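Given next are the chains, with one letter for each unit.
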Amino acid sequence: MAVLIKNALIVNADKMDPNLQDILIDKGLIVRVGPGLPDGQARVMDVKGKHVFPGLIDLHVHLRQPGREDKETIETGSRAAVKGGFTTIVCMPNTKPVIDNAMIVEAVVKEARRVGLLNIIPAGAMTRGQNGEELTDMFELKEAGCLALTDDGRSVANSQTLRLALDYARMAGLLFMEHCQDLSLSSGGVMNESYTSTLLGMKGDPVVAETVIVARDIEIVHYLKTRIHLQHMSAARSVELVRWAKSQGIQVTAEATPHHFTLTDEAVKSFHPNTKVNPPLRTAVDVEAVRQGLKDGTIDCIASDHAPHTVEDKEVGFDHAPFGVTGLETALALGITELVSRGVLTLNQLVDRMSAAPARIIGLERKGAVREGYDADLTVVDIDEEWLVKAEGFASKAVNSPFIGRTLKGKVKTTLYGGKIVYQDD
Amino acid sequence: MTEWTRHHLYDLEDLSKEEIELILETARSFKEVSTRDVKKVPALRGKTVVMLFFEPSTRTRTSFELAAKRLSADTINFSSSGSALSKGESILDTARNIEAMNVDMIIVRHQSAGVPYILGAGVQASIINAGDGCHAHPTQALLDIFTMKERKGRVQGLKVAIIGDILHSRVARSNIWGLTKLGADVTLCGPTTLIPVGIRNLGVKVTHDLNDVLGTSDVLMLLRLQKERQQDKFLPSIREYARVFGINKEKLKKAKKDVLIMHPGPTNRGVELTADVADGEYSVILEQVTNGVAVRMAVMYLMSGKKTAE
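Sequences listed follow chains A and B, in order.
Note that my numbering has the first sequence beginning at 1, numbered continuously upward.
Note that my numbering has the second sequence beginning at 427, numbered continuously upward.
Some hints here could point you the wrong way.
No farther apart than 35 Å at their CA atoms in a straight line, the calculated lysine-lysine pairs in the DSBU-like style are these [stated by the list, open to error]:
1. K677/B with K203/A
2. K203/A with K631/B
3. K269/A with K473/B
4. K203/A with K585/B
5. K466/B with K203/A
6. K269/A with K585/B
7. K578/B with K607/B
8. K465/B with K203/A
9. K653/B with K269/A
10. K677/B with K269/A
11. K659/B with K269/A
12. K203/A with K607/B
13. K269/A with K631/B
14. K269/A with K607/B
15. K203/A with K683/B
Just a few of them, taken from the derived set where beta-carbon distance is under 8 Å, the chain A residues facing chain B [stated by the list, open to error]:
16. E193
17. Y195
18. T198
19. L200
20. M202
21. F271
22. E312
23. E315
24. V316
25. F318
26. D319
27. H320
28. P322
Quick caveat, the hints were computed from the structure, so don't treat them as lab data.
Fair warning: this is a prediction, and the values are worked out from it, not measured in the lab.
Even for Gly, the Cβ is constructed at its ideal location relative to N, Cα and C.
Okay, chain A solo, but in the shape it has when bound (with noise of 0.2 Å):
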């Protein structure tokens, strides 16, 4: 049945219409938008004037299923994600065992349209195991639903095998999203090398330790004349070698986290577990240079790395504890909190780096706009309601966000996935 969405302020990264509109949905697809159109057989559905976003888009998730169900499954995590306003997301293969065979792929792929809340794009690994050796059989994985492999939560640390390893996935046409970091630089650190680190006595994994990365990733992207996309920005010199890399023409694309982009590694001194992810937290010249990043493009797209831990799990000391903090409840809020409501972005590159940007990146052809023919993934958001983020009130199997206590602005209202309704703020 055709659905008739009424009185919309249509967002869209190339513009925003200042009259309302309306959008109506057939068979999943966007069929027509414009105003007062009639509602024929149409279920008509007022939004009353609210902002209508295309479908938010995340390239980086961890559902943790399966292996590590008692963090999150695909269902609980489907469940956060259209609760945050995504109706697609990438799901990390750093599970237990690793998504690095089809038949790993299927499952996840399976599982994922049962629950049926969202599209969710498996990542598969790019060396088996994600062990940084031998490489994945990349065809079969593209074939089960892949379109992009990472190692996340890992560099590929060989260069050699890196090289070779973005040959192939260029002939397979699977983009390649590295995790920046030099192990041997990181060299156990817990949390960023700072003045803070030195006050807290905390093992220091310092901004070079990305950097290196970086820096080779982009070396050896323009020397195979193939392309990449760096996960989780998060130094002022990652954004300077982005941009200066851009300038040469080099293809590389880049995301940074809300964490990344809202909090500097002072909130370490707290101690919370909570405050420990991986890239660290930096410093405030980080964070300003990650703004700035966002704002001139540099750095392409908002990335959640939503990161799933229980409690027990977080609560047995800084150093023990893992990476990570859950994300996609808070991710949107957060760029609409701590970027728009700050004049950073306007709320169009807010779109655009929340939908139309990863679309692009992740070759996502008829997603990313409120369009005629594209699909009808849709996320309505109240862009002025704040709301108090608190540990009962996640939707995720996780409760590690660092942001609990505090007032948000913009609240995810209605999210609509292939015309359907997916999620509903009461």
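Assemble chain B onto chain A, guided by the hints.
What follows is chain B alone, placed relative to chain A:
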């Protein structure tokens, strides 16, 4: 007179100059107790003190235990180093278990920075940090400062050199907080690879040349060098460290006539200092150990709700 109002002792970073002085003053009166024939006062009678040690320690644990016993407290040891408990144990679970035993004070040591703070937020009992990772070791710094003050009559204006592996030293960090608050002039001396970034922001000087501090310091505080620093490539060899940063009789000739040689123990003889220096006329290393008991008695006494020096 300053009143003691704190329920926990995490680090000297949190304390005012007056609070540190109150502890030192209180310790002075407790030092005498340990010289009596009957080395016991009833100050903590009926109180229960738990030594919660997730990391091996003989000296600090013994010192705390003796201090508690001399205050007439009941003491329990809860060590879990080396076992499955030391890693990956839920800190709050442990805290809740201890809480259930109705204890009054928890002396905690853990290899991870910040654990005492997490415990403190979860229990009613008083927490005393007996060393958390490379972060803080407040009672060690207090006993060091107590020893300096007793020997030199003041801390203000004293030239103190802290020599060795600053990067991995909780003793150095707590001493820097305490000494700078009391107006000492602190210089750190160690290899470039073992001086943490930005440490000058704490109001200390940094040098990599022992000669810069040898002739001018009132106190030379030597830090224990862990042997694994060589494998971790922080140093070419222990031998070279001893040659460049170790203190021997010959080098000491340049030092002030009334210099104090201090070390938190246990010493690596032949590395940080030679045996003749450790046992020599300038060394106050054993006095530090004696003073440790008095300082820990003072801390526990104040934390038990007693407000001022006796």
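What hints, given by number in increasing order, does this structure fail?
Hints 5, 8, 10, 15 and 28 not satisfied by this model.
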